[in-house]
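Protein chains: 2
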Amino acid sequence: MEVKEITNRDIDFAKWYTDVCMKADLIDYSSVKGSMIIRPLGYAIWENMQKVLDEKFKESGHENVQMPMFIPESLLNVEKEHVDGFAPEVAWVTHGGKEKLEERMCVRPTSEVLFCEHYKKIIKTYRDLPKLYNQWCTIVRWEKTTRPFLRSREILWQEGHTMHQTKEEALQETLKMFNIYKDFQENYLAIPVITGRKTDKEKFAGAEITYTIEAMMYDGYALQNGTSHYFGNHFADAFGIKFTDSDNTLKTPYQTSWGVSTRMIGALIMVHGDDRGLVLPPRIAPFKVIIIPIGDVEHQLVELQESLKEKNITYKVDDSNKTPGFKFAEAEVKGYPIRLELGKRDLENGKVTIVRRDTLEKINVDYNDVVDKINELLVDIQNDMYNRAKVRRDEMIYEASTYDELKNIAETKPGFIKINWCGNVTCENKIKDDTTLKSRCIIEDEEVNGPCVVCGKKAKTRIYIGKQY
Amino acid sequence: MEVKEITNRDIDFAKWYTDVCMKADLIDYSSVKGSMIIRPLGYAIWENMQKVLDEKFKESGHENVQMPMFIPESLLNVEKEHVDGFAPEVAWVTHGGKEKLEERMCVRPTSEVLFCEHYKKIIKTYRDLPKLYNQWCTIVRWEKTTRPFLRSREILWQEGHTMHQTKEEALQETLKMFNIYKDFQENYLAIPVITGRKTDKEKFAGAEITYTIEAMMYDGYALQNGTSHYFGNHFADAFGIKFTDSDNTLKTPYQTSWGVSTRMIGALIMVHGDDRGLVLPPRIAPFKVIIIPIGDVEHQLVELQESLKEKNITYKVDDSNKTPGFKFAEAEVKGYPIRLELGKRDLENGKVTIVRRDTLEKINVDYNDVVDKINELLVDIQNDMYNRAKVRRDEMIYEASTYDELKNIAETKPGFIKINWCGNVTCENKIKDDTTLKSRCIIEDEEVNGPCVVCGKKAKTRIYIGKQY
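Residue numbers (the working numbering), protein chains in the order written: chain V, 1 to 469; chain Z, 1 to 469.
Derived from the structure by calculation, the hints contain no laboratory data. Check the hints yourself; a few may be wrong.
No copy labels: a pair is met if it fits in one copy or bridges any two.
Claimed, not checked - Straight-line distance between alpha carbons at most 30 Å, and here's what the computed BS3-like set of lysine-lysine pairs gives: (1) Lys-311 to Lys-56; (2) Lys-344 to Lys-322; (3) Lys-131 to Lys-351; (4) Lys-15 to Lys-309; (5) Lys-131 to Lys-182; (6) Lys-407 to Lys-144; (7) Lys-309 to Lys-131; (8) Lys-80 to Lys-316; (9) Lys-322 to Lys-124; (10) Lys-120 to Lys-316; (11) Lys-322 to Lys-131; (12) Lys-316 to Lys-167.
Chain V on its own, in the form it takes in the complex (with noise of 0.2 Å):
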């Protein structure tokens, strides 16, 4: 029984990345190229991930619904900015058993234009409004390159859909939902992040306003992981949908969308991962602790896990006829929150030795106080990751004030870089062009303080730049 080897994230962070999912047994590859079977840790995380954002949706009135998972070719050519934007990667379902479909189907890429549809139907008043609906679901988007987590054909996640009376209210329902990303990959993923408004260039296909929530990966790069949208009348007006509001005039609805995937585990690997493997946030972790019992320990083993019970901490008890050393490991690669030997020598001297994952600091601990000391712990590790995650990412952020120094970060130095920026597409495809980086987002709460980097015209405003997954 080997102990599984992890590429060193310093030496190839691709290939590190590509070992953690497959050897915490995140995910498997098949014969569906492009696509990933998502393994029983990797859709317990997932699993995670839902039950918190599910009922925060709830709680704050969102309903789930089941769109169908096609889309007719004319229905997605309804909108032109958005079928130009998402045409050139879809699935198309041309035959039913041995016939050929009379019109050509997609999968669907995102699910804007079934929404738009429906809600032409069964708006009607402003009593019917708002309408605040969310799904949950598997979307495709054909790409050539793949990617665990990240880039794949098939991506799980949720679409909200709502629709409303005024333009306030939308946009208010645009902020409220990108505010609870924020807060779910703040404090429950560890994950800080950046947010803020995507330049026109970089919006969503249909959108007025793109928020984003940007997170910088271990290797300075950034990771797109969540965005809301505002779109408007946008598509609202190229469906036809018009209601009668309290003033018996027709009006159009004011529509947002919202979504996060899978990628937000690509965040948890990229952000928290090791030289040993995963290192799970214990808020999302499905298990919080793994048991390896040495030598026997029967007794201790049913009370340990009867207190745990008690105190709805999620564990796992490894029991398997492996050695302690592969198991540790093992233990490692899979990132539970914290390790927990329950050795028969340290039982006979009423100790126990827990091991914190993300230090890999030992403790020892007296039996007695065991799920008294793991449960302060799991606080302790959560905010530790957090904060970690945080100096690190303020270290790989900086500042250009010339389009030199600018070139010159982006060649050295792995992270975000913050510039003064006129507002001009051409600039922002000037940088791109020349370094690769693309605009994150717009910085809401600084000054600008400089002309812009590029054409030293008057700036307009400052952003993040930055590579991207």
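Using the hints, position chain Z against chain V.
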């Protein structure tokens, strides 16, 4: 504001069914032919079903995974019986964006072949067994005629796929999951079911044994409402799956699969619904109580909601500006088990009115006792609904000892017929050709009491026959 009209179920059951689906806002149609939109109430019922079943699956050691949604044609072709069974009704993806795929892929109609391919990779020794996987997903079967929840191109379901060291263990698993389904349908859906093995003709493509759950609808038709299959080594052989057993010899594992789907929502409607609409059993209803405030009862409304929350009784409040009459009709069509009328005048006498959806009985209750009374009623309603459905079903089970008798019952009386049968598919086919009745399942606990009703030869077994959805 019109009160929605529903067709009388004794006049046109098919129309009644569609009316209930539409008027209870369970589903809607879209331009995606053959698919349906599952609306908030329909989806909330499905979520409740998922929640109960998922907990039972996990308690019995199963883990959730997610396989790709596509199957390359060559992979579907590995097992012959299976491909013959499914190829005529799959949706084929032929293009990704503008490019034609080298090999076309179907959208999964079921995932045996995907699980087998994965199991071949991850099962090496007896220590890797059993593998107890389940997935919740959408499957696609290209049906010609469709009907909400019963027959649809897209089906939401779960599919369990397990691998075992021994035949006995696999057989036990097949029965264990079958019993979980049976228990769920009887105790949560309040649907009395008939259970047993399918005949060879009606088995799942590739299965050695198929156990089926057959429910009888109000119109006497059968709905196959869950199946559990024992595959033996059938697929494992086709895929070359082998493991080293504890005796160090190479063996082939034994396999099962089992599934239930949103069809169960169809069964709920057709077993319990009435001319006013849906009737939901309390244990599966998303909201057990609908509160209709009449007049200014703000204080009691707040108090009542807190009491219900405290007792974990889910509820909704209809505080729209519709008339009470309209609200009552809405509450009935949507099937809330209990309607609570919170009226100002009643409250002045310390009373509220409760209406049972199943019997439409009105009950005057002391305001102070209302939550206790609701709790009591929810149990009664659940039991009464089951018992009423059982009485009705039992009244529609007949026995035929001659072929003339069989044909006569088939023509004149809706329901199931018990017959003695020789075991020969020719006789099974003859019944189907002459009467459209198909065998439902083999009756395990009754002794043969005469010759085969078709050919007059020695009967091997007794079976239920009936028309089916």
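Verification of the supplied hints:
1. Lys-311 to Lys-56: both (23 Å within a copy, 21 Å between copies)
2. Lys-344 to Lys-322: Answer is within; shortest intra-copy Cα gap is 17 Å, inter-copy 70 Å.
3. Lys-131 to Lys-351: Cα proximity of Lys-131 and Lys-351: none, with 57 Å in one copy and 35 Å across.
4. Lys-15 to Lys-309: neither (38 Å within a copy, 51 Å between copies)
5. Lys-131 to Lys-182: within (23 Å within a copy, 37 Å between copies)
6. Lys-407 to Lys-144: Result: close within a single copy only, 29 Å intra versus 60 Å inter.
7. Lys-309 to Lys-131: between (40 Å within a copy, 25 Å between copies)
8. Lys-80 to Lys-316: neither (51 Å within a copy, 40 Å between copies)
9. Lys-322 to Lys-124: Intra 65 Å, inter 15 Å, cutoff 30 Å: inter-copy only.
10. Lys-120 to Lys-316: Answer is between; shortest inter-copy Cα gap is 26 Å, intra-copy 49 Å.
11. Lys-322 to Lys-131: Classified as between: cross-chain Cα gap 19 Å, same-chain 54 Å, threshold 30 Å.
12. Lys-316 to Lys-167: between (49 Å within a copy, 28 Å between copies)
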